[in-house]
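So the protein sequences, as listed, match chains A and B.
Numbering follows this note's numbering, with no gaps: position 305 of the first sequence is 305.
Numbering follows this note's numbering, with no gaps: position 21 of the second sequence is 21.
Hints were generated in silico from the structure; no laboratory data involved.
In this text, a Cβ means the ideal position worked out from N, Cα and C, and glycines have one as well.
Treat each hint with caution, since some may be false.
To be verified - Computed spacing ranges between beta-carbons, pair by pair:
hint	chain 1	residue 1	chain 2	residue 2	range
1	B	82	A	220	55 to 65 Å
2	A	279	B	87	29 to 39 Å
3	A	2	B	46	49 to 59 Å
4	A	2	B	327	43 to 53 Å
5	A	97	B	18	15 to 25 Å
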Amino acid sequence: MAIPVNRVYKTVLSILNKEQRGYLTPYEYNNLAVQAQKEMVEKLFYDYNKFLNLDNFNRINEGLADIPAKIQEQLDEFYAFTDITLSGAGVGTLPTDLYKVIDLTITNQTVKLEKVDKNRIPYLKSSPLTAPSTLFPVYYQRETDFVVEPAATNGSWSLGAIRLQYIQEPDNPRWGYTIDSNYGVNIYDENPFVSGGVIIGNRSMALVTTNDTVGLTDGSYPITIGTNGVTTSGSGSGVGITLTVAGGNSATVTAINITSAGTGFAVGDTITIPALNNYWLGANDIVITLRAQDLYSSSTEGSVDFRLHISNETELIITILGYAGLTIKDPQVLQSAVQLSQAATMSKSQQ
Amino acid sequence: MSLLGTTTAEQYYNVSQSFITTAAQASGGVSQGIYDLTVSRLPNAETDFLIYLNGTEINRSTYSYIGTGVNAGRVTIDVTAQPLAIDDTVVIEFIDRALGDYRFVSLVNIVNNFMYGYTGNGKVLNNVNKTDVLFHARRGVQEFSYEVSRVENIQEVDVPPTLTIPFPQDYVNYVRLSWVDTAGVEHPIFPARYTSRPSESILQDDQNDNIPGSNGEGYLFDEEGGTLQGTPSVTQQRFEDFKLDGFNSRGNQDDYYLFSHYLSNIYHRSSARTGSDPELNNFNGVFIIDEANGQFGFDSSMSGRTITIKYISDGNSPQLENIKVHKMAEDAMYKYIYHAILSTKLNIPEYQIQRAKKERRAAMRNAKLRLSNVKLHELTQVMKGKSKIIKH
Numbered sequence: 001m002a003i004p005v006n007r008v009y010k011t012v013l014s015i016l017n018k019e020q021r022g023y024l025t026p027y028e029y030n031n032l033a034v035q036a037q038k039e040m041v042e043k044l045f046y047d048y049n050k051f052l053n054l055d056n057f058n059r060i061n062e063g064l065a066d067i068p069a070k071i072q073e074q075l076d077e078f079y080a081f082t083d084i085t086l087s088g089a090g091v092g093t094l095p096t097d098l099y100k101v102i103d104l105t106i107t108n109q110t111v112k113l114e115k116v117d118k119n120r121i122p123y124l125k126s127s128p129l130t131a132p133s134t135l136f137p138v139y140y141q142r143e144t145d146f147v148v149e150p151a152a153t154n155g156s157w158s159l160g161a162i163r164l165q166y167i168q169e170p171d172n173p174r175w176g177y178t179i180d181s182n183y184g185v186n187i188y189d190e191n192p193f194v195s196g197g198v199i200i201g202n203r204s205m206a207l208v209t210t211n212d213t214v215g216l217t218d219g220s221y222p223i224t225i226g227t228n229g230v231t232t233s234g235s236g237s238g239v240g241i242t243l244t245v246a247g248g249n250s251a252t253v254t255a256i257n258i259t260s261a262g263t264g265f266a267v268g269d270t271i272t273i274p275a276l277n278n279y280w281l282g283a284n285d286i287v288i289t290l291r292a293q294d295l296y297s298s299s300t301e302g303s304v305d306f307r308l309h310i311s312n313e314t315e316l317i318i319t320i321l322g323y324a325g326l327t328i329k330d331p332q333v334l335q336s337a338v339q340l341s342q343a344a345t346m347s348k349s350q351q
Numbered sequence: 001m002s003l004l005g006t007t008t009a010e011q012y013y014n015v016s017q018s019f020i021t022t023a024a025q026a027s028g029g030v031s032q033g034i035y036d037l038t039v040s041r042l043p044n045a046e047t048d049f050l051i052y053l054n055g056t057e058i059n060r061s062t063y064s065y066i067g068t069g070v071n072a073g074r075v076t077i078d079v080t081a082q083p084l085a086i087d088d089t090v091v092i093e094f095i096d097r098a099l100g101d102y103r104f105v106s107l108v109n110i111v112n113n114f115m116y117g118y119t120g121n122g123k124v125l126n127n128v129n130k131t132d133v134l135f136h137a138r139r140g141v142q143e144f145s146y147e148v149s150r151v152e153n154i155q156e157v158d159v160p161p162t163l164t165i166p167f168p169q170d171y172v173n174y175v176r177l178s179w180v181d182t183a184g185v186e187h188p189i190f191p192a193r194y195t196s197r198p199s200e201s202i203l204q205d206d207q208n209d210n211i212p213g214s215n216g217e218g219y220l221f222d223e224e225g226g227t228l229q230g231t232p233s234v235t236q237q238r239f240e241d242f243k244l245d246g247f248n249s250r251g252n253q254d255d256y257y258l259f260s261h262y263l264s265n266i267y268h269r270s271s272a273r274t275g276s277d278p279e280l281n282n283f284n285g286v287f288i289i290d291e292a293n294g295q296f297g298f299d300s301s302m303s304g305r306t307i308t309i310k311y312i313s314d315g316n317s318p319q320l321e322n323i324k325v326h327k328m329a330e331d332a333m334y335k336y337i338y339h340a341i342l343s344t345k346l347n348i349p350e351y352q353i354q355r356a357k358k359e360r361r362a363a364m365r366n367a368k369l370r371l372s373n374v375k376l377h378e379l380t381q382v383m384k385g386k387s388k389i390i391k392h
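With these hints in hand, go ahead and build the complete structure from the sequences.
Rendered as structure tokens:
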């Protein structure tokens with residue numbers, strides 16, 4: 001239930017363009033969108049706590065009026081989990097997209113690991129009443145990893161991998177576009193942005209740096225790295241390519257279409273389709289060389305929607321407008337956005 | 001039958017779990033590879049059970065077992081080492097027989113139940129560390145062991161010629177010491193209040209005054225400057241040499257409690273000592289509690305006798321899964337933990353703590369009553385003797 005990045009951009013532009021206030025470029029919009037999403041994700045935690053406090057005073061009702069549950073649903077959009085194998089020293093590596101830990105358990109979730117302050121560890125370990133055990137394990141967190149007790153102390157851990165449930169840092173929203181060659185306007189690209197992925201769709205034949213012109217068989221041929229001897233010089237994988245061979249007796253590769261973006265590709269990577277393993281080729285291998293304009297990472301193409309819950313859309317637009325007011329130096333926009341935001345906050349607080 | 005838990009009747013009464021092997025349990029082929037069986041009762045290790053295939057025990061090296069974690073309870077039989085076929089009967093026989101366990105709830109469950117029922121958003125305790133709950137739960141087990149569900153451990157030993165036996169390893173306090181006669185009947189032994197075991201027995205020279213700087217005490221010192229100690233102490237030695245039956249018939253003239261105090265009454269009439277102290281009027285012997293050294297001492301009449309020591313422990317164990325609380329005290333345990341946590345948190349209104357305290361006290365009293373095992377018909381039976389005439 002993500003919020004479409006294009007819809008928000010259109011709404012923001014339509015508000016800003018009223019009375020010719022100004023124009024927000026895709027680049028500016030993308031930057032503000034990242035900032036606005038981060039701000040709103042962080043705010044959800046405080047809202048959740050605030051409404052739980054109200055709940056503690058019996059000021060929350062059930063069903064549709066259960067606001068903490070609603071905010072929890074908004075946070076659920078960012079839920080993720082991963083299973084982490086501990087090293088011999090009881091250390092597990094945290095995922096790079098971790099925003100907030102929900103909890104750590106063993107993978108069947110029957111034993112929960114409790115987070116403890118690092119300065120409490122000596123007390124815990126030295127008392128037989130509180131010493132960590134496989135039934136009541138504890139952990140403490142570091143910058144990029146966590147340490148589990150008793151695994152760190154005795155070097156053994158019989159409970160297997162650790163399941164980390166967490167709030168994931170959302171991908172940056174991105175309004176991707178291509179530029180219309182006739183009119184010079186930006187055209188929204190709804191294809192999903194994939195970092196290190198090859199841009200989906202029909203691509204220029206300039207990609208094919210080594211073609212073959214002798215002995216090819218007409219047809220359309222799907223190519224997958226790792227199949228029929230197809231290799232890459234880089235570390236990319238998962239890309240789906242369809243090559244079209246046409247021309248009869250003087251057949252050659254005439255078109256290249258990317259059907260799936262794959263991941264892990266970089267500019268200059270080559271993909272080689274060997275003639276030896278592919279009956280439809282002639283005597284020579286086909287080589288595809290990736291250019292900057294073929295990858296999402298180095299182009300304006302590919303979009304990422306906001307990961308926020310759909311119910312946050314209005315607040316999101318107001319937040320972006322607030323930042324946009326600063327960008328286009330229009331105090332009226334900024335002031336209006338602030339007022340709208342304050343009104344929304346007050347409305348929520350008067351539960 | 002109402003049962004919480006997964007232990008089957010076969011596991012409980014027959015201490016075993018039976019399987020008929022199926023193809024679904026086999027991986028790597030029916031006649032080779034491995035068979036996975038899952039037992040619902042969880043022994044700690046392979047050494048805690050035996051496996052019989054069609055009535056014949058199979059070698060322990062042919063199977064493995066996982067006791068904890070995600071795959072806890074999985075028994076894997078290596079079919080290449082121990083051939084199996086479909087529809088074979090595999091019986092896993094547990095070595096330990098745990099009878100009557102249903103009375104108890106484990107500490108692990110207590111903690112988990114408490115975390116779920118009492119803590120979290122919208123609960124009475126909104127943010128509590130599990131380690132805190134565990135600490136108070138284990139403390140609670142100790143307190144309950146002393147106060148509510150007193151589980152008496154009984155150790156049987158013979159009194160050696162040294163007249164000293166160590167406290168049991170998990171001893172906290174004694175309930176009763178008795179010696180056992182040839183009929184197996186226990187005779188209570190009482191603690192001696194009129195003697196003790198000095199923790200220090202300082203050696204002194206005969207003159208007590210000829211050592212320079214001794215101020216006349218005559219204390220003797222070792223090379224490191226510590227006092228020299230007599231072992232055993234004179235008090236202990238004299239008590240051990242003393243014949244307890246002298247209290248009634250063969251005392252020495254300088255035994256204060258025998259003669260100075262009761263001199264006129266001692267041989268007043270055979271088997272009677274009018275005016276004597278009833279505490280001393282028994283032949284069962286006495287014991288001394290040597291708290292400093294963690295041992296019991298006995299008078300010389302106890303040498304060679306078989307005694308039973310009934311004592312209480314603190315209910316704890318290094319293995320958390322072995323710590324249990326009687327179900328009749330389960331609610332009291334929750335109340336105990338709740339009060340303990342509430343009273344150690346900051347900024348909790350005092351009335352709330354007091355209310356928790358009252359609830360805890362009431363629940364503990366209730367649990368104590370339940371566990372005191374007062375049965376009406378047993379009470380009636382005992383009270384029938386009330387009408388008997390007591391002859392003086």
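* Going through the earlier hints one by one, which of them does the structure break, listed in rising order? -> Numbers 2, 5, in rising order.
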